[in-house]
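Assemble the complex: chain H is given as a structure, and chain E must be docked to it using the hints.
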Amino acid sequence: MPISRPTDLAGALEVLAEVPTADVLAGGTDAMVEISFDHRRPEHVVALRRIDALREHRVSPAVLELGATITYMQIETELAEHAPGLAMASRTVGSPQIRNAGTIGGNLGTASPAGDTLPWLLAMDAEVELTSAARGTRHLPLAAFITGPKRTAREADELITSVRVPRVEGPQHTAKIGPRNAMVISVACVAVIVDTTNRVVRIGMGSVGPGPLRATDAEAAVSEAIDWEALRCPEAAIGAFGRACAEAARPITDHRSTAEYRRHAVGVLAARSLRRCLNA
Amino acid sequence: MSDHSSPSRPPPSAAQPSVTETYELSVNGRARSVPDAWIGESLLYVLRERLGLPGAKNACEQGECGSCSLYVDGVLLNSCCVLAADAVDADIRTVEGLGDGGHLTDVQQAFLDAGAVQCGFCIPGLIVTVHDLLDRVPDPDELQVREAISGNLCRCTGYGRILQAVEDVKLARLADPEGSS
Numbered sequence: 223m224p225i226s227r228p229t230d231l232a233g234a235l236e237v238l239a240e241v242p243t244a245d246v247l248a249g250g251t252d253a254m255v256e257i258s259f260d261h262r263r264p265e266h267v268v269a270l271r272r273i274d275a276l277r278e279h280r281v282s283p284a285v286l287e288l289g290a291t292i293t294y295m296q297i298e299t300e301l302a303e304h305a306p307g308l309a310m311a312s313r314t315v316g317s318p319q320i321r322n323a324g325t326i327g328g329n330l331g332t333a334s335p336a337g338d339t340l341p342w343l344l345a346m347d348a349e350v351e352l353t354s355a356a357r358g359t360r361h362l363p364l365a366a367f368i369t370g371p372k373r374t375a376r377e378a379d380e381l382i383t384s385v386r387v388p389r390v391e392g393p394q395h396t397a398k399i400g401p402r403n404a405m406v407i408s409v410a411c412v413a414v415i416v417d418t419t420n421r422v423v424r425i426g427m428g429s430v431g432p433g434p435l436r437a438t439d440a441e442a443a444v445s446e447a448i449d450w451e452a453l454r455c456p457e458a459a460i461g462a463f464g465r466a467c468a469e470a471a472r473p474i475t476d477h478r479s480t481a482e483y484r485r486h487a488v489g490v491l492a493a494r495s496l497r498r499c500l501n502a
Numbered sequence: 110m111s112d113h114s115s116p117s118r119p120p121p122s123a124a125q126p127s128v129t130e131t132y133e134l135s136v137n138g139r140a141r142s143v144p145d146a147w148i149g150e151s152l153l154y155v156l157r158e159r160l161g162l163p164g165a166k167n168a169c170e171q172g173e174c175g176s177c178s179l180y181v182d183g184v185l186l187n188s189c190c191v192l193a194a195d196a197v198d199a200d201i202r203t204v205e206g207l208g209d210g211g212h213l214t215d216v217q218q219a220f221l222d223a224g225a226v227q228c229g230f231c232i233p234g235l236i237v238t239v240h241d242l243l244d245r246v247p248d249p250d251e252l253q254v255r256e257a258i259s260g261n262l263c264r265c266t267g268y269g270r271i272l273q274a275v276e277d278v279k280l281a282r283l284a285d286p287e288g289s290s
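As given, the protein sequences belong to chains H and E, one line each in that order. For what it's worth, our numbering labels the leading residue of the first sequence as 223, then goes sequentially. For what it's worth, our numbering labels the leading residue of the second sequence as 110, then goes sequentially.
Chain H extracted, bound-state conformation:
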């Protein structure tokens, strides 16, 4: 049977154990394009859409856990309260049709340098849960999970089952630059979290490196400069934050943009997003 349609996680893991070459299908927005353009010829497909447990999320006082096949549309609508920055980033993905199909686990599995949820997840110190029939469950920090452009540490018999982030208080903002407002792959994008729980500013940057990047020096410096009671920051420190983020970027020139523009843009987006998180 060349296509498996398991209705529970155990069923999916069993197939992957037996057929490690199988292609995993979640929302289809990446996989189907590869198949239709003959960049991938599936011998066996494991389709995940019947596994309800993968579409669930859990909120505890300390942790938010998102099932792998939660769609961008669900994040945008149902999870905006718990993950406002992730909801903002999800709304910039593709079109409504794409957001109805595409999943957060798919964004992780594809691991595109331009993945729209990845900067937020990285900034939040997300951990990816991988599960296999043989070895059970393991958790990898996102930075260890993504090993390069479109490369991950997922083994062939493993499934991305969920991703979890710590719950923190404070304002969040994401921003993205591309040729138009919808249906674009980002030229540069950022997620900024002004984490009042830990009194640190977190930033993740996308499309300016082989994977999402943090700018740790920029984070440390601006976290010192912020008045955490008033949520205000001197304009000079915000400007320095933008410059330090641009400095930390590792952009390349490709058909979508130049390295120079990406570096400039990510600094502007970082400073702007931080400004929008703070009180004037």
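Simulated from the structure, these hints should not be mistaken for lab results. Here the structure is a predicted model, which means the values were calculated and not measured. Each residue gets a CB set at the ideal place from its N, CA and C atoms; glycine is no exception. One should not assume that every hint holds.
[Said to hold, decoys possible] Which chain H residues stay away from chain E? Per the calculated CB distances, all over 10 Å, these: (1) P283; (2) A404; (3) P456; (4) D476; (5) R478.
[Unchecked claim] Here are the computed distance ranges between Cβ atoms for each label pair: (6) H:E256 with E:E205: 22 to 30 Å; (7) H:R402 with E:E158: 45 to 53 Å; (8) H:P432 with E:D145: 37 to 45 Å; (9) H:T369 with E:L280: 13 to 21 Å; (10) H:R494 with E:L283: 54 to 62 Å; (11) E:H212 with H:T475: 38 to 46 Å; (12) H:R402 with E:V184: 18 to 26 Å; (13) H:D230 with E:H212: 38 to 46 Å; (14) E:Q253 with H:V285: 52 to 60 Å; (15) H:A356 with E:D248: 47 to 55 Å; (16) H:A356 with E:H212: 37 to 45 Å; (17) H:D439 with E:R159: 44 to 52 Å; (18) H:R494 with E:D285: 21 to 29 Å; (19) H:P432 with E:R264: 18 to 26 Å.
Frame of chain H; chain E shown alone:
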């Protein structure tokens, strides 16, 4: 369809025997058999080339243009990004299944009345998308309409009259909630 270096056709069988599957789809309320189809075929391909339903249009085959929009279990999707063999036991509704026995829906009629149809290629996808919007959000403002149709590209760029048609249906439905289709 177009001949650009593409797509959605089964791979050349000489090089490698295709992996096939026989399955059944529920399309517009009817059970349709799909025998011996390559497992990589998109729902768009199966509808158009195997089931004779050409309403969903094939333009980009990469989820960019919205010409192939339809409903799967009531959710608006691009059928080029749906694996047909995974759509078994789902309720598939195409633009052909929106009207009732040859009657146009209010959205279809409004597109005609507003002159929103130019070359027409994007229109079936837009019709499904506009139905989806107005069924979920009866009174959208212009920004909501623009966001809702942002994934449906009209290369004739006739967006002014498309927006007018949406506005016309919205007002007609708000004035007469019973009369909508």
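>> Tell me the numbers of any earlier hints that the structure contravenes, in ascending order.
In response: Violated: hints 2, 7, 9, 10, 11, 14, 16, 17, 18, 19.
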